[in-house]
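Chains A and B supply the protein sequences, listed in that same order. Counting in our numbering, the first sequence runs from -8 upward without gaps. Counting in our numbering, the second sequence runs from -8 upward without gaps.
Possibly wrong hints are sitting among the right ones.
Because identical chains share one entry, a pair is satisfied inside a single copy or across any pair of copies.
[Stated by the list, open to error] As a list, the in silico DSSO-like pairs of lysine-lysine whose alpha-carbon atoms are at most 27 Å apart:
id : residue 1 : residue 2
1  : LYS112    : LYS142
2  : LYS163    : LYS192
3  : LYS(-3)   : LYS330
4  : LYS111    : LYS220
5  : LYS237    : LYS353
6  : LYS237    : LYS122
7  : LYS352    : LYS271
8  : LYS191    : LYS142
9  : LYS352    : LYS192
10 : LYS8      : LYS49
11 : LYS112    : LYS66
12 : LYS191    : LYS293
13 : LYS352    : LYS237
14 : LYS237    : LYS191
15 : LYS237    : LYS112
16 : LYS(-3)   : LYS287
17 : LYS111    : LYS237
18 : LYS330    : LYS122
Simulated from the structure, these hints should not be mistaken for lab results.
There are 2 protein chains.
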Amino acid sequence: MIDINKVRFDTPGCQDKIFLNSAGSSLVPNIVSDTMYQYLEQERMIGGYQTALIQQDKIDEFYIQSSLLLNCEPKNIAFSYNATDAYAKALSSINFRSGDVILTSDDDYISNYIAFFSLKKRFGIEIVRIKNLDNGDIDLIDAEEKMVTCKPILVSITHVPTNSGKIQPVEKIGELCATYDIWYIVDACQSVGQIIVDVKKIKCDFLSATGRKFLRGPRGTGLLYISDKALNAGLEPLMIDMRGAKWNSEQSYSPIDTARRFELWEVSYSNLMGLTEAIKYANQIGLGNIQSANLKLINLLKSTLIQNIDIHLTEEGSRSASIVTFSSRSKPLEYFVQKLNDANVSYGVGYREFALIDFNKKDVDWVIRLSPHYFNTEQEIMNTVEVLAPV
Amino acid sequence: MIDINKVRFDTPGCQDKIFLNSAGSSLVPNIVSDTMYQYLEQERMIGGYQTALIQQDKIDEFYIQSSLLLNCEPKNIAFSYNATDAYAKALSSINFRSGDVILTSDDDYISNYIAFFSLKKRFGIEIVRIKNLDNGDIDLIDAEEKMVTCKPILVSITHVPTNSGKIQPVEKIGELCATYDIWYIVDACQSVGQIIVDVKKIKCDFLSATGRKFLRGPRGTGLLYISDKALNAGLEPLMIDMRGAKWNSEQSYSPIDTARRFELWEVSYSNLMGLTEAIKYANQIGLGNIQSANLKLINLLKSTLIQNIDIHLTEEGSRSASIVTFSSRSKPLEYFVQKLNDANVSYGVGYREFALIDFNKKDVDWVIRLSPHYFNTEQEIMNTVEVLAPV
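Put together the whole structure using the sequences plus the hints.
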């Protein structure tokens, strides 16, 4: 059980508004900003290098907390500047050749798709999409067939899409990737921090996550999990630097053993400290508890919103994360924006160009996204539903 | 003229020690940390996205101040997470093919070399080094000959090496690159903030810089200049994302017009704000004034250190930036480390594996690096020399 009073006390930002944008950029608990201020204050007084030297143990704590979060070893974790940075570095470790296939879903993140298109332009790779079933779930039979026929070099799945709240069956796809021995990357940007994410169960080679969303960490932070299999196979980022490699001779280098070969040497340690505290905070509450609390909130929100005749939910799939999106055929976007702003509700907006494939299928130009998190109350959910109710 | 009292008043970290490590990570002026705290405080209260929306004008100021610093337009500037990140993204924009030559110097930065080796391993590029003259200056005749005979696709020069204080003739090499129409990248990690860096005069296509060193900004920040020529030629980072490109159709994207196509969407805006203030602070003092003040300090330091019989300066070249390195044949590293620590002097240490080619030539295993900046006083320089004097 979550002590909601304590959690809200730790989160001054949630006390004067209804904050429903944790899928955008959440509210940090006090310990995150306090730790960052302390670190920055030390840097101001003695400089960045001396501070990092003194704080080495607390820096190491980042890898420990992250490994507890994802169920792996600290050596499998790299710090990154955001989820896309983590994802891009992982992608860059594969030596793509003309004709290589990346197998992905219709619901993969826009920036992943743009990176695929860039790889297509540069190296001539091909992008193949797994079909969805009519209910929006990914078609696992089609996935397996395409693994067999297209022989992809990489499978990429976005765990929870940014433009809707479904949870993809990443464990089942992981089984298939293991069977057919295919590199497997999971974009967990919208899942880490709100549901249990277990890399052992997912059986992925790479998993990327961000700090600022459901983990409630600072902006400009993220992390990358890399499997032992990928490390042992010698995968390394194309633009490896002196953090990830040793300069051996005038003609060569060798990558280090751990996942930190995917980091660059220079890091904002105040941000890393903030992210560490955010992860620790989540670990202490427990991801199982967070997941349960969120499921209650989102079920309440969906079941009441669905009764609103002005809107239609743009949700599909059989498993729901703590994100709900809706659009309207009778009212313009501005109508809802005005209502939510007037009532001091924080929310997100998505446009067609952010999720082209999905929005083309749904034939919507915009959605409003509400993403409750465990610091929200049922009363806040009901108040929001009331705000959106037809007059 | 610099108001040294004001500058030191703005820099609490310089008041209780002799800080001579601006080439490592410098001391920020108060305005940098104060601005970051204010920004982070707003994020704590209203969340990261809402804060960025409200602070858009101040975010735009980063591009304006950076363009004033480097003598270009704001549209030619991209924010980066550090200098190596900026450099790597620039490098990734070139479609390297087997046999392509990168022409560089013996003094280019370790992480640049490691990236070159990675490109060699992945794509079969070749790395050719311009010779140095006996005095350590780069041999411009050899540079031109190699441009003609090797037809490099890219010339890379580190403006001021990290392991010694010479200033490379980047303008003269820029002339040659323009004549022979070769892409030209300058690593200005150790020069920006301490001397005038003018991209129009250098005629480079890319210039990478860091925040934390002589610019006195936060850790985890940097910037990349990209020329109109490179932008108009359509150069774009391999791992472009939704910041740098628009998703046009289900099969394609188009890069945006400005240098921001080299950014990723997600950024630590508190860090960007801090860097903006650091650049503004430097611009207000004037880079010409900073350069003059630093030259005085470094000349005093070198001319007095050279009289110390325990040490030998590991410096060469005809133009000196505000970095001096020394080693010793009579005393171990620990001897000097102890003396400097006891006297509360901040300094840097370099080891052979950080600058393999240079240190092999000089036959040293370590150097101590002292890097004064304009907030230092002549008295501090003399005190440091005294500390190091033979007993």
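task: Tell me, please, which holds for LYS352 and LYS237 at an alpha-carbon limit of 27 Å: within, between, both or neither?
output: between (49 Å within a copy, 19 Å between copies)
Treating 27 Å as the Cα threshold, decide for LYS191 and LYS142: within, between, both or neither.
Answer is within; shortest intra-copy Cα gap is 24 Å, inter-copy 50 Å.
Open item on the list: At most 27 Å between CA atoms: does that hold for LYS111 and LYS220 within a copy, between copies, both, or neither?
Closed with: Both, since 26 Å and 24 Å are each at most 27 Å.
Q | Status of LYS49 relative to LYS8 across identical chains (alpha carbons, at most 27 Å) | A | between (33 Å within a copy, 25 Å between copies)
Exercise for the section: State whether the alpha carbon distance between LYS237 and LYS191 is at most 27 Å within one copy, between copies, both, or neither. Expected result: neither (30 Å within a copy, 35 Å between copies)
| Homomeric proximity label, LYS112 with LYS66: Cα distance no greater than 27 Å | For LYS112 and LYS66, the Cα distance is within 27 Å only across copies (25 Å; inside one copy 34 Å).
Taking 27 Å as the upper bound on the Cα-Cα distance, should LYS111 and LYS237 be classified as within, between, both, or neither?
between (32 Å within a copy, 16 Å between copies)
Within, between, both or neither, where LYS191 and LYS293 count as close if Cα-Cα is 27 Å or less
neither (31 Å within a copy, 57 Å between copies)
ask   = Which holds for LYS(-3) with LYS287 at a C-alpha limit of 27 Å: within a copy, between copies, both or neither?
value = within (19 Å within a copy, 57 Å between copies)
Up to 27 Å CA-CA - LYS353 versus LYS237, copy category = between (50 Å within a copy, 20 Å between copies)
27 Å Cα threshold - placement of LYS112 relative to LYS237: This pair counts as between: shortest inter-copy Cα distance 15 Å, intra-copy 32 Å.
Margin query: Cα distance capped at 27 Å. Does LYS352 pair with LYS192 within a copy, between copies, both, or neither?
Written below: neither (31 Å within a copy, 52 Å between copies)
Checked against the numbered hints listed earlier, the structure breaks hints 3, 7, 9, 12, 14 and 18; every other hint is satisfied.
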